[in-house]
Amino acid sequence: MSADNQILLSVRRLKKYFPIKKGLLRREKGQVRAVDDVSFDIRRGETLGLVGESGCGKSTVGKLILRALKPTAGEIIFTLDDRQMRINELSDTELRPLRRHAQLIFQDPYASLNPRMTVREIIGEPILVNRETQIADLDARVVELMDLVGLDSRYLRRYPHAFSGGQRQRIGVARALALNPDLIIADEPVSALDVSIQAQILNLLSDIQQELELTYLLISHDLSVVEYVSNRVAVMYVGKLVELADTEEIFRHPRHPYTEALLMAVPRISERDRPETYTLSGNVADPANPPSGCYFHHRCRYATDICSTKPVVMKQVANGHQVACHRSRDLSLKGL
Amino acid sequence: MNDRSTLLEIRNLDVSFFLDEGTVEAVQDVSLEIYHHYTLGIVGESGCGKSVLSQAIMRIVPPPGKICAGQIIFHGDSAPTDLVTLDGKGKSIRKIRGKEIALILQEPMAALSPLYTIGNQIRDALVQHHKLSGREARERVLDILSEVGIPKPEVRIDQYPFELSGGLRQRAVIAMAIVCRPQLLIADEPTTALDVTIQAQILSLFKRLKETLNISIIFISHDLAVISEIADEVAVMYNGRIVEQGPADKVFSEPLHPYTVGLIESVPKLGDASKERLSAIKGNVPDPFMRMKGCSFHPRCPIGRDDCTMENPKLTNVLPERAVACFVVEQEMTGTAGPQQNAVE
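Quick mapping for you: the protein sequence lines, in order, are chains A and B. Oh and the first sequence: position 253 is 253 in the numbering used here, straight run, nothing missing. One gets the numbering used here by counting positions in the second sequence from 1 and adding 1000 to each.
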């Protein structure tokens, strides 16, 4: 991590509502609040982990930052050396330069590579599209990228089917690196891989981060992966951030009951006979029809009257530790 | 271990798939014993043969797969039966399949029909094996729904799968599996498609059912932590073979086989603040079509020797209750009885 804590990306009050259309005339009958008033910063050189269960909106946040989706409201500000890009306002053509600076690594290395393109074409495509390199130099650049991610460059002209899952994910990483991006959004980068291969990819991601001074937004449901990779962690629940803090702090001293419950729910090899802690009852709230007050109150064992009536906002409770919980000050929650 | 009575015994089972591209030996020489009131965890990566093993026990190995050799002896209430000798579509296996041995799959939506209410589907499983009147069957279904922790069973019974959340669907599938009171439940990655908080709920449901119904469970997963939480005994599979077997706490605290050691070291552990670099297992899972001479883990093995390529190591008892299929470990353990660290180096 570079020492200067400079902010690379700022997300402010970001919202994305998807309309629910019903009936013959496709009238709008409601909204799914996939991302609802989310704010955070990513510092240059750090890894921010974004965790939450399926449907909580974490992948939507990633897509909004890359402007694969247009936000309903809010600001996304990308700070490069000399200028600021307000991503939320840009038109499609104005977004072109952004693509060089922010790239995505996908979850499924089988679905995210075109089976009809060779490795050379897959990795080279972003370079060609952005006219970064002369065609003559393209091969050299692709070989360089393949070396970087640990692929044998003799396989330059092979198709994705010739590679295993782990190698395919390396191809995906090389493609993301092709334009020397500043920010990489990795959306569940290892969850489709075999256990013995996951470690290879996690090690690769941390090696290239140091080598190329990359900044990561790691989106994952896997808390042990997030803890291992991230400098800071943001926890998301039903479209909202509920807690954000340094990794060590959030895992040792969670301040939100949902974070506590998540930590308890993860099975661990080392603590086989851990005491039967409480398991979170019920299901995730419906983002189309969220409950009143705090969205987590009906599953929360600490909930009081205020929790079901008054909405919560993120508040700073300690240096760099933000929580959205009415009772964060009087609860003492259990960490790892 | 002798005090426990055996429920299912697998002896030298071989299952192969005869494809145009070649033969895949999905399960090779697997022997296992499952006791009454007991959870066996089978852990391995994709393609290691763990699911085919469960299909073989149910006798539903899809063609072109075939059980080539071995025995699967089920000690039910009647005399022990070798399931391999039964006609895969015959009457006798149908009396066992679903009634005595039930299977739960990873994806609940694949096990449920979207066209029928869950009550209907659970009742179907029930009336296959029991003669019951409509009202009796409905009563039983309501009972089973509350048994697996589905709230408001009288409402849920008439709902379709799409109206249920993922966790409730998996509970409905479990209800369908246990409604005939099987003696053995095979659960193949039953929590993999679920979120962590829901996974924790389903895992505690399995633990509870094991106690209340007095059943045995074969729990198959790629997730070491899940297996370590639920299993009494664990079998580690690699490329169609069991490479290590033993009590779960022992296997996870002092793994013997280099593959088990590698697997455990390659996953980040929650709460481990050291952030040491993960030691990944080098290389890839072997190509199923390739027939390897000798130990199939050899190309990836950190302690392999030249003679590992000569022949395949057999699963051998090296300590009480602990078996491992590795020449190097076996020699270290039985030859010079040094500490285990030496065996793995």
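Among these hints, one or two may not hold up.
To give an idea of the interface, some chain A residues facing chain B are shown, with a C-beta separation under 10 Å as derived from the structure [claimed, not checked]:
{"#": "1", "residue": "S196"}
{"#": "2", "residue": "Q200"}
{"#": "3", "residue": "I201"}
{"#": "4", "residue": "L262"}
{"#": "5", "residue": "M264"}
{"#": "6", "residue": "V266"}
{"#": "7", "residue": "I269"}
{"#": "8", "residue": "L280"}
{"#": "9", "residue": "S281"}
{"#": "10", "residue": "H321"}
Just so you know, these hints were derived from the structure itself, not from any lab. A quick note: this is a predicted structure, and the numbers were derived from the prediction, not measured. Beta carbons: idealized from backbone N, C-alpha and C, even for Gly.
Structure-based check of all given hints:
no.: 1; hint: S196; in the structure: 4 Å, holds
no.: 2; hint: Q200; in the structure: 4 Å, holds
no.: 3; hint: I201; in the structure: 9 Å, holds
no.: 4; hint: L262; in the structure: 6 Å, holds
no.: 5; hint: M264; in the structure: 7 Å, holds
no.: 6; hint: V266; in the structure: 5 Å, holds
no.: 7; hint: I269; in the structure: 5 Å, holds
no.: 8; hint: L280; in the structure: 4 Å, holds
no.: 9; hint: S281; in the structure: 7 Å, holds
no.: 10; hint: H321; in the structure: 17 Å, violated
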